[in-house]
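J.: Each chain, written out:
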Amino acid sequence: EAQVTQNPRYLITVTGKKLTVTCSQNMNHEYMSWYRQDPGLGLRQIYYSMNVEVTDKGDVPEGYKVSRKEKRNFPLILESPSPNQTSLYFCASSWRDGNSPLHFGNGTRLTVT
Amino acid sequence: GENVEQHPSTLSVQEGDSAVIKCTYSDSASNYFPWYKQELGKRPQLIIDIRSNVGEKKDQRIAVTLNKTAKHFSLHITETQPEDSAVYFCAASRAGGTSYGKLTFGQGTILTVHP
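Those protein sequence lines, which keep their order, are chains V and G.
98 is the number of the first residue of the first sequence in the numbering used here; add one for each residue after it.
17 is the number of the first residue of the second sequence in the numbering used here; add one for each residue after it.
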């Protein structure tokens with residue numbers, strides 16, 4: 098089944114404790130991206146990647162890191178999480194770039210206390 | 017950078033009525049405009065998209081119109097049903113130049129269809 102898999106689905110952590118949210122797709126898509134969803138703010142792009150070893154900042158990259166060492170994986174890293182990073186996070190992929198339909202993962206609900 | 021404004025933030029209609037959601041964008045170079053539907057507790061899913069070389073696109077009860085001159089596009093849902101109740105997001109992106117690959121979403125519209 099073609100899908101984007103995120104893990105974990107739920108995560109509660111404390112301020113400053115490094116964490117990684119994994120994202121993997123099995124559709125051989127070139128493009129992958131991360132979004133955070135907050136009430137009233139819609140979906141805001143954190144980082145995106147057009148291909149392996151190519152990553153670019155989205156609209157809200159501060160406090161996040163990403164890497165694209167393999168085509169299928171695009172982990173989101175929070176080196177020192179803070180409470181303002183409490184949010185719902187979505188990973189997505191598309192076959193070419195941001196100009197083609199996105200396939201979203203099921204989301205990761207992160208709480209930073 | 018691109019800025020996408022979406023209105024209204026909430027929309028309540030009776031079953032069978034039509035619903036219209038509007039988005040405006042700021043970057044005249046944007047050329048791809050998708051719409052996503054997100055049901056409660058679920059992931060967003062694409063319902064329709066349009067490119068700048070087309071003025072209108074339909075898919076059964078759903079249609080999208082694009083006015084490049086005015087830089088706005090709209091989602092039209094006819095004969096609404098309770099299962100259309102969800103949050104709808106518009107988005108805009110460009111095919112090249114600076115910010116190629118960036119996708120900017122609107123703030124979302126909560127649509128409620130009353131039986």
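Think of the hints as simulated: they come from the structure by calculation, not from any bench.
Where is the CB? At the ideal position from N, CA and C, for every residue including glycine.
It cannot be assumed that every hint is accurate.
Said to hold, decoys possible - For lysine to any residue, the following SDA-like pairs were computed, each having C-alpha atoms within a straight-line distance of at most 25 Å:
| hint | chain 1 | residue 1 | chain 2 | residue 2 |
| --- | --- | --- | --- | --- |
| 1 | G | Lys58 | V | Lys166 |
| 2 | V | Lys154 | G | Glu21 |
| 3 | G | Lys84 | V | Pro198 |
| 4 | V | Lys154 | G | Ala79 |
| 5 | V | Lys168 | V | Gly137 |
| 6 | G | Lys53 | V | Lys114 |
To be verified - If you only want the chain V side, here are some residues facing chain G, beta carbon under 7 Å, derived:
| hint | residue |
| --- | --- |
| 7 | Pro105 |
| 8 | Tyr107 |
| 9 | Asp135 |
| 10 | Gly139 |
| 11 | Gln142 |
| 12 | Met147 |
| 13 | Val149 |
| 14 | Trp192 |
| 15 | Gly195 |
| 16 | Asn196 |
| 17 | Pro198 |
| 18 | Asn203 |
J.: Work down the list of hints and note, for each, if the structure agrees.
T.: Now for the hints, and whether the structure bears them out:
{"no.": "1", "hint": "Lys58(G) to Lys166(V)", "result": "violated (29 Å)"}
{"no.": "2", "hint": "Lys154(V) to Glu21(G)", "result": "holds (21 Å)"}
{"no.": "3", "hint": "Lys84(G) to Pro198(V)", "result": "holds (21 Å)"}
{"no.": "4", "hint": "Lys154(V) to Ala79(G)", "result": "violated (32 Å)"}
{"no.": "5", "hint": "Lys168(V) to Gly137(V)", "result": "violated (33 Å)"}
{"no.": "6", "hint": "Lys53(G) to Lys114(V)", "result": "violated (34 Å)"}
{"no.": "7", "hint": "Pro105", "result": "violated (15 Å)"}
{"no.": "8", "hint": "Tyr107", "result": "violated (12 Å)"}
{"no.": "9", "hint": "Asp135", "result": "violated (10 Å)"}
{"no.": "10", "hint": "Gly139", "result": "holds (4 Å)"}
{"no.": "11", "hint": "Gln142", "result": "holds (6 Å)"}
{"no.": "12", "hint": "Met147", "result": "holds (5 Å)"}
{"no.": "13", "hint": "Val149", "result": "violated (14 Å)"}
{"no.": "14", "hint": "Trp192", "result": "violated (13 Å)"}
{"no.": "15", "hint": "Gly195", "result": "holds (4 Å)"}
{"no.": "16", "hint": "Asn196", "result": "holds (4 Å)"}
{"no.": "17", "hint": "Pro198", "result": "holds (5 Å)"}
{"no.": "18", "hint": "Asn203", "result": "holds (5 Å)"}
Going down the numbered hints, you'll see the structure goes against 1, 4, 5, 6, 7, 8, 9, 13 and 14, while the others check out.
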